[in-house]
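All chains should be modelled from the sequences, with the hints used to inform the complete structure.
Residue numbers (this note's numbering), protein chains in the order written: chain R, 1 to 331; chain D, 1001 to 1329; chain W, 2001 to 2497.
Worth double-checking, as some hints may not be accurate.
[Stated by the list, open to error] Here are the computed distance ranges between Cβ atoms for each label pair:
1) W:Glu2320 to R:Ile45: 52 to 60 Å
2) R:Leu301 to W:Glu2320: 44 to 52 Å
3) W:Lys2329 to R:Ile34: 50 to 58 Å
4) D:Asn1175 to R:Asn38: 56 to 64 Å
5) R:Ile45 to D:Tyr1098: 37 to 45 Å
6) R:Lys168 to W:Lys2109: 35 to 43 Å
7) R:Arg219 to W:Lys2136: 22 to 30 Å
8) W:Gly2066 to D:Ala1320: 57 to 65 Å
9) R:Lys168 to D:Ser1046: 56 to 64 Å
10) R:Leu106 to D:Lys1097: 43 to 51 Å
11) D:Ala1316 to R:Leu301: 36 to 44 Å
12) W:Lys2375 to D:Ala1320: 31 to 39 Å
13) R:Ile34 to D:Ile1189: 53 to 61 Å
14) R:Ile181 to W:Phe2015: 52 to 60 Å
Hints listed in this document are in silico derivations from the structure and should not be mistaken for laboratory results.
Virtual Cβ for every residue (Gly too), placed ideally from N, Cα, C.
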Amino acid sequence: MDQSKTKLQFFKKLDLQRVVLISVLIVLFAFFSIISPNFRKYTTIITLFGYMYYILLMAIGVTFPLITGGVDLSIGTGLVCYSIVGSYMINHQGMPIWFGILVTVLLGTALGAFNGFVVSVLELPPFITTLCTMMIARGLGSILAGGLTGVWPAAAAEGGWVRSVLKKTLPNGTIVPIGMIWMLILILIMTLILTRTRVGRYTIAIGSNREALRLSGVRVVKWHIIAYMISGFFAGLAALAYGWTFTTITPGTGAGFELDAIGAAIIGGTSMTGGKGSIVGTFLGVLLISLLKTGLPYVGLQANWQQIITGIVLLFAVTIDMIRAKRAANR
Amino acid sequence: MEKIKNNKIVKAIGFNRIVLIGVIILLYVLFSVLTPVLHAGTTFVSYERIMSALNYAYFIGFLALGVTFVIATGGIDFSIGPVMFASALISGYCLTKYNVPLPVCLLISIGVGLLFGVLNGYFVAYRFLPSFITSMASMQIAKGIGSVFTKTQSVTWPASAAENSWYRYLIKWNNIPTGLILLCIVAAICAVVLHKTRAGRYMLCIGSNKEAVRLSGVNTKRWEMLAYMICGLLAGIAAIFYVGAYTTVQPGLGDTFNNEAIAACVMGGTSMAGGLASILGSIIGAVIVALMQEGILAMGFTISYQYVLTGLIVLAAVTADIMSRKRKN
Amino acid sequence: MGEVILTMEGIDKSFPGVKALNQVFFEVRKGEVHALMGENGAGKSTLMKVLTGIYTRDAGTITYEGKEVTYHNPREAQAAGIVIVHQELNMMGHLTVAQNIFIGREFRKGPFIDDAKMNEEARKLFQRLNIDIDPKMTMSDLTVGMQQMCEIAKAISHEAKVIIFDEPSAALTEAEIDRLFDIIRELKKQDMGIVYISHRMDEIKRITDRVSVMRDGAYVGTLITEECTKDDIINMMVGRVIYEEPKTESQVAKDAPVVLKVEHLNAGRMVKDVSFELRKGEILGFAGLMGAGRTETLRAVFGADKKDSGDIFLNGKKIEIKTPEDAVKAGIGYLSEDRKRYGVVLQKTITENSTLACLDQYVKGIFIDGRKERKVTKKYVDLLKTKTPGIDQLVMNLSGGNQQKVVVAKWLVNNCDILIFDEPTRGIDVGAKQEIYELMNQLVKEGKSIIMISSEMAEILRMSDRIVVMCEGKKTGEMDIAGVTQEKIMHLATMRE
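Structure representation (structure tokens):
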């Protein structure tokens, strides 16, 4: 009796969606590798990681608002805004590099806090709120930095050490994607936060039944704001990863980045209806999206197809999510 | 009884209109005074400036008209700007590269818009996806298709006096702003559809309480989808007016116009919560948006300020709407 | 009965346009079960929300353990030892039982939540209450009754001195109610003060020591339960006697034709093999507990939810009803229990609501025929005696009873012959209730047929010609009104396997 119960729980945990997702990843990787010999190269993997870091960081962050039943659309243009302002501090205000990093991350957290305040205190719909901050962030970056392009130090320049945080070149020329280690550590930490701390517990509870949580005497507003601050904080981290991978940041870009992150989280099993989500799932979703983005040019589809792919993947993921939510309701 | 009702409606619209028109006048005065101060050697008071603002108001106006229907049903369409660009790019490419006759190209433009309306409407109404995520996905698809179709090149429609340039008369003919006349005609049709026909009635009721409408035996899916189709169609029309004013379109852009069109709607009194919409308000809102962008540029600021302002306006308008709803309950 | 632990005096609370509480007095002693009774909308729940700080009172004092107190939120009240078991279930379906019970005061080990300890504590709690639930189960996997037990366990797990039960028995079976009463007696022994809000007279007699009655937001009086009769309480509740005697026999002719026949209907997990028929001019009552599947059954018949299998016959002819559209075309109308969500479009006018179901009949060319539309609306406003300043009034400005009339008008404008009333008088004040009853009787006299779902026994007994009883998604009985007793219905309504 007891044994069959644990067995059942084991299968419950290993849910079907994740199995399918991992299989798709393997098949896709094999597919690209077979079709294109260039794809099999080590440098491609490095490129893939470069594409992945900032999406992954955004996606980990946005998982929290998604679990509360909300969304954060401001992370895409926000990322560009923070990165530009952060590098502006270093290049044009003569600030040390640590200060620029601090500004980048704090700016993200602040905008997240603003989103959280508007959503939980003023009770505006999350998508409208973050749409507005998305527009604001878009303009704010260039206003604060005087319309200048953001540039993070090149590898050889002063302060170029930041780049080796993600990608270290050994004396013999081999590139080691150290960033991946940080990512795995972050995934572990955020998984613990989501499943084992009050932040995570209340994030889930808000998505499940906000009113019930309020009536249980929990200060819902505070925890709701925290969920959005996590999203903003990670958008700040993503801004660093983006700057350190691609060096120059053009003002006014960034719209659409958030969709990759949101799409990845939903593919990973986070539900748009709230109450459900996992960081590991989000990671797998990001892997899938970055694999598609880096892989497609190797099978002869030009880079423009990436946007179309993002759109289609997003539609697909949300459709699946809706079917799943409906089934859960009818069960 | 009948008379009182008519009077009341006139009163209600009148009040709204008076406030918004007051805002337009105020902005105009403000810009006229500030422009020479902030940007020495320039002036805001000129016929050219008005025409230039109107050029901007046309396509924003058509976009706003369309999205008013969607917002009336309680949804949102974030794809209209890029869809407009996709329409202009695809039809323009057909015109310049494949020598497709101009009338057909204009139809293609409208058709592309309509197609995206169908796509959005299908996923929102029949597959129950949240409208914001659906339209953001189709925004990406529109951007991508625009780029792929034109091989990432910008498209330039024929300039005035060139062959196939009569489409520009839709905007301006002998210094008469024909665009304004056309916009007003289309707006009048939209107002009639929204307030005097079954479709409009159902859309507004769906926006207020979709489930109650469904349980009244109405095929809500069909009407909801229709709203998105109207929106797509008008985005296709907006494309014609965009190229009529500016001729050149670049792939991969257009998403800032969504925000401006939505800002025009919420300023005009259309409620993001659905069920309440004003066509006239959307048009006046579009004029305000256009005036603002003209003023901001004239005063020597960058377009970035427009983005920030648009964001703040929508935030303020939606907050005000939600507060007033709360007070009523 | 011990000393007074909690006193509320002179409590006032107003909402825009309504005086919800007017100089209310209420007290609880240690070790007593104090019933708080009153019609729907009498102000019981509002009073308790004022006590626990969900609402702020306009005037009055609350004295608790000898000190004057004001709580600003449920958390403060909880900390002081006043907890409430809510009527509507307040659970987070995605979390486990233990996580729900200890939400807001998790045991922690450093920065982490100690789930193991929470499971252990929950298990102990259940043992104490003699309940068999695994604390590790996900909340949404439990039955409604079990979820209710968890709510109670959660309330008790606070160091409570005053526990408020807000209609706890609405979803429970008889056996579960017995269990609940055992728990309440146990709590009483531990000298807690217990407030018990309920509509069920027999429960009040069984478990409570004193009864306080409220009416229209005002305090009426307090009785010692042992010393009073049911009629005493009812008289205080309603002020005037409106509880007419139950129907004694069916008003429907023996040979009345069957207008609607449902056979072997299955839909989701709440509707299992339900069959019934409805005759012309009949009021068919659907009785049962909360969550028995009555609403789900009739929503499936109406096409609002998906059917898995089953046949529907209209006037002997088989019809397909897949969507509400099909049902409305067939002349069936549905009046939801939740009017505001499913019945009316609040922000629209009476006119717009009245013609919503058949707008195509009020179209001239492509335009809506405003004059015709207003004429028919006016007709039904007069006919149903809807109280409104005009037909252009927004429905949100009408009272509950008048909103219900607008929904009725919607279906009458469409000329529906079969009307499904789901809890027709929920949230409607006493006077308007009477009008709705008269209206229903009038409708069946005119040859319409009515299906009425109701959880109020008095309503079922008074209105129905025939009664179908459901429990856990199955039909457990069907009987003619003649010879029916409350006990018979309750027995069928709790026939669980």
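Hints and how they fare:
no.	hint	result
1	W:Glu2320 to R:Ile45: 52 to 60 Å	holds, 57 Å
2	R:Leu301 to W:Glu2320: 44 to 52 Å	holds, 46 Å
3	W:Lys2329 to R:Ile34: 50 to 58 Å	holds, 56 Å
4	D:Asn1175 to R:Asn38: 56 to 64 Å	holds, 59 Å
5	R:Ile45 to D:Tyr1098: 37 to 45 Å	holds, 42 Å
6	R:Lys168 to W:Lys2109: 35 to 43 Å	holds, 37 Å
7	R:Arg219 to W:Lys2136: 22 to 30 Å	holds, 27 Å
8	W:Gly2066 to D:Ala1320: 57 to 65 Å	violated, 47 Å
9	R:Lys168 to D:Ser1046: 56 to 64 Å	holds, 60 Å
10	R:Leu106 to D:Lys1097: 43 to 51 Å	holds, 49 Å
11	D:Ala1316 to R:Leu301: 36 to 44 Å	holds, 43 Å
12	W:Lys2375 to D:Ala1320: 31 to 39 Å	holds, 38 Å
13	R:Ile34 to D:Ile1189: 53 to 61 Å	holds, 56 Å
14	R:Ile181 to W:Phe2015: 52 to 60 Å	holds, 58 Å
The structure does not agree with numbered hint 8 stated previously, though it agrees with all others.
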